[in-house]
Amino acid sequence: MIEIKEATKVYSNGTVGLNKINTTINQGDFVVIVGRSGAGKSTLLRAINRLHDITDGEIVINGKSLTKANGKQLREMRRDIGMIFQNFNLIKRNTVLKNVLSGRVAYHSTMRTLLGLWPKADVDLAHDALNRVGIPDKAYVRADELSGGQQQRVSIARALAQEAKIILADEPVASLDPLTTRQVMDDLRRINQELGITMIVNLHFIDIAREYATRIIGLRDGELVFDGPVEDATDEMFTQIYEREIKKDELLGV
Amino acid sequence: MNENTIKKPSKVKSTLTTLLLFLLIWGSAYKTDSTFEELFTGIPEIISLLREMIPPDWAYFSYITPEVLITIQMALLGATFGAILAIPLSLLASSNIFVSPWIYQTARFILNFLRTIPDLLLAAIFVAIFGLGLIPGVLALTIFSLGIIAKLMYEFIETIDPGPLEAMTAVGANKIQWIAFGVIPQIAAQFAAYFLYTFEINIRAAAILGLVGAGGIGLYLDETLNFLEYQKTTSIILYTLVVIMVIDYITKKIREKLL
Ligand SMILES: Nc1ncnc2c1ncn2[C@@H]1O[C@H](COP(=O)(O)OP(=O)(O)OP(=O)(O)O)[C@@H](O)[C@H]1O
Ligand SMILES: [Mg+2]
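The listed protein sequences correspond, in order, to chains A and B. For the first sequence, counting from 1, position 155 maps to 155 in the working numbering; every step adds exactly one. For the second sequence, counting from 1, position 169 maps to 169 in the working numbering; every step adds exactly one.
Read the hints as simulated data drawn from the structure, not as lab findings. No residue lacks a Cβ here, since even glycine has one placed at the ideal position from N, Cα and C. Hints are supplied without guarantee of correctness; some may be wrong.
[Unchecked claim] Within a straight-line C-alpha distance of at most 30 Å, the following computed DSS-like cross-link-like pairs (lysine-lysine) qualify:
#1 B:Lys257 - A:Lys68
#2 B:Lys175 - A:Lys64
#3 A:Lys92 - B:Lys31
#4 A:Lys72 - B:Lys175
#5 B:Lys175 - A:Lys120
#6 B:Lys11 - A:Lys92
#7 A:Lys98 - B:Lys257
#8 A:Lys92 - B:Lys252
#9 A:Lys92 - B:Lys151
#10 A:Lys165 - B:Lys175
[Stated by the list, open to error] Covered by chain A, per the in silico footprint, the following chain B stretches (three or more residues, Cβ under 8 Å):
#11 181-194
#12 206-216
[Claimed, not checked] If the Cβ cut is set under 10 Å, some of the chain A residues that face chain B in the computed set are:
#13 Leu74
#14 Ser147
#15 Gln150
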């Protein structure tokens, strides 16, 4: 369970990224965060694993304060939270397997990980994760030799190998074509349903958001303007979140 | 687009630069009392020296081969030790690795300081400390290489993709793991290329370190010049030139493969 209490983020240049956000996300939710560009979607997502700090308020994950965690505590909390990025953020020159295994570094001593002495259980876990995203045969290929969609799956596999309980995904399909978009979203849904991993995904395609989310969070100018089950997110709601009619490019349409 | 909105680059700057350059040349010639007249009257002397230099002493080539090999070894050792020391120093000097200005500014200060000392001076200092021989030469080249590699490396490190670093932060990596998994794979090839490049430069530097008694072929250069054995000097110069060209060629080929 993720409790976000009065979370506020003011950037050093004075921009208000988040303004007193309050919400609770339950284990197993598939949350999609929507809002127009600059609404604060990335800001919120990055606050949940503290890639950056909020300036006010508190975030509590499974009873532990993320905001107050330091050093080792913070790293242990992050270990339980996978992250998927628009640009995949893989180590391009490394093999797929090595990329997936990098999700396990926080489980072992520094020395062991530096020497690459991964326990067999970890290697099995990594292969398993690749299997789950449908690319078991790519384990020994260099990451940059894969297509965008395949690279995104490697990064999902990394989060799986991490044995994350929560996965944050910031525009995971924004650089993919419509067909691959569906495949990647299907992967995320399957993982959510089969493993009960909480998904928090930023998306700018409204139809995709509606199709995959169980819950929608709408942001506008850093404020939470909608928070509810997907059934309640009507066309009028979206118009309100976006402060205008929904445009064509906000629909994937496939 | 409206053509009037694109300004022609002003010519003032280049004119001023040329003028300044002339002034500098004239000024330094004046200060050092060198004149064109002197250059002309010196020509016969230069020609007679060149005459004495040819042909090279062919027998001398095999005689100096061991010393040439030692020179290459010095260059290689200096580049290797320098490269090893450059790893921590260049990481410390990169503002995207250590965000605290205290750390990276201090590292950069040390780096810049090392780079201001000319290699011959370094060699002379180490000769004074350790006596004549290879050790001062290798040490001087180590510092020299460290300065070059660390500077090139930290400038490169600051341009790496921050994405994988964020990904490593997100999985809960500690700082060392973060560097090992996020940074090192992105810089390893460039590091190897800079190492080879420095080895290349080191050969040139190593060839003259002997002038101050820091080992290598430079010692023989000094000797033959002192004894007016100019044909042997020619042999040394030719030999060094060939070695440099061969090594340049090889390292260039390897570097092309690396990147
Ligand atoms: N590092 C930063 N420094 C200052 N302001 C920032 C920074 N990052 C984001 N902002 C500002 O904070 C606000 C929210 O940005 P954020 O990136 O969270 O938006 P977003 O909803 O993810 O938008 P997009 O759909 O374009 O990704 C914007 O006004 C943005 O300009
Ligand atoms: Mg964003």
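Original post:
Does the structure keep Lys175 of chain B and Lys64 of chain A at a Cα separation of 30 Å or less?
Top reply: This hinted pair holds, its Cα atoms lying about 23 Å apart.
Original post:
Under the criterion of a CB-CB separation shorter than 10 Å, is Leu74 of chain A in contact with chain B as hinted?
Top reply: Status holds, d = 8 Å.
**OP:** Given the hint that Lys92 of chain A pairs with Lys31 of chain B, test it: the Cα-Cα distance must not exceed 30 Å.
**Re:** Between Lys92 of chain A and Lys31 of chain B the Cα gap is close to 57 Å, so the pair fails against 30 Å, i.e. violated.
Original post:
Is the straight-line distance between the alpha-carbon of Lys92 of chain A and that of Lys252 of chain B 30 Å or less?
Top reply: Given pair Lys92 of chain A, Lys252 of chain B holds - Cα atoms ~24 Å apart, limit 30 Å.
Subject >> Hint validity - Gln150 of chain A Cβ closer than 10 Å to any chain B Cβ >> reply: Where the cut-off is 10 Å and the nearest Cβ of chain B is about 17 Å from Gln150 of chain A, the hint is violated.
Original post:
Is Lys257 of chain B within 30 Å of Lys68 of chain A, Cα to Cα?
Top reply: violated (49 Å)
Subject >> Satisfaction of hint between Lys92 of chain A and Lys11 of chain B, Cα-Cα up to 30 Å >> reply: violated (45 Å)
**OP:** Measure nothing beyond the straight line between the CA atoms of Lys175 of chain B and Lys120 of chain A; if it is 30 Å or shorter, mark the hint as holding.
**Re:** With Cα atoms ~25 Å apart, Lys175 of chain B and Lys120 of chain A stay inside 30 Å; holds.
Original post:
Should the interface hint for Ser147 of chain A be scored as holding, given a Cβ-Cβ cut-off of 10 Å against chain B?
Top reply: Constraint on Ser147 of chain A not satisfied, violated at 18 Å.
Original post:
Has the given pair, Lys72 of chain A with Lys175 of chain B, been kept, meaning a C-alpha gap of at most 30 Å?
Top reply: holds (11 Å)
Original post:
Taking only the CA atoms, is the gap from Lys92 of chain A to Lys151 of chain B under or equal to 30 Å?
Top reply: holds (25 Å)
Subject >> Coverage criterion applied to the stretch 181-194 of chain B (partner chain A; beta-carbon cut 8 Å; 3 residues) >> reply: Three-residue rule met by the stretch 181-194 of chain B, so holds; n is 6.
The structure shown violates the earlier hints numbered 1, 3, 6, 12, 14 and 15.
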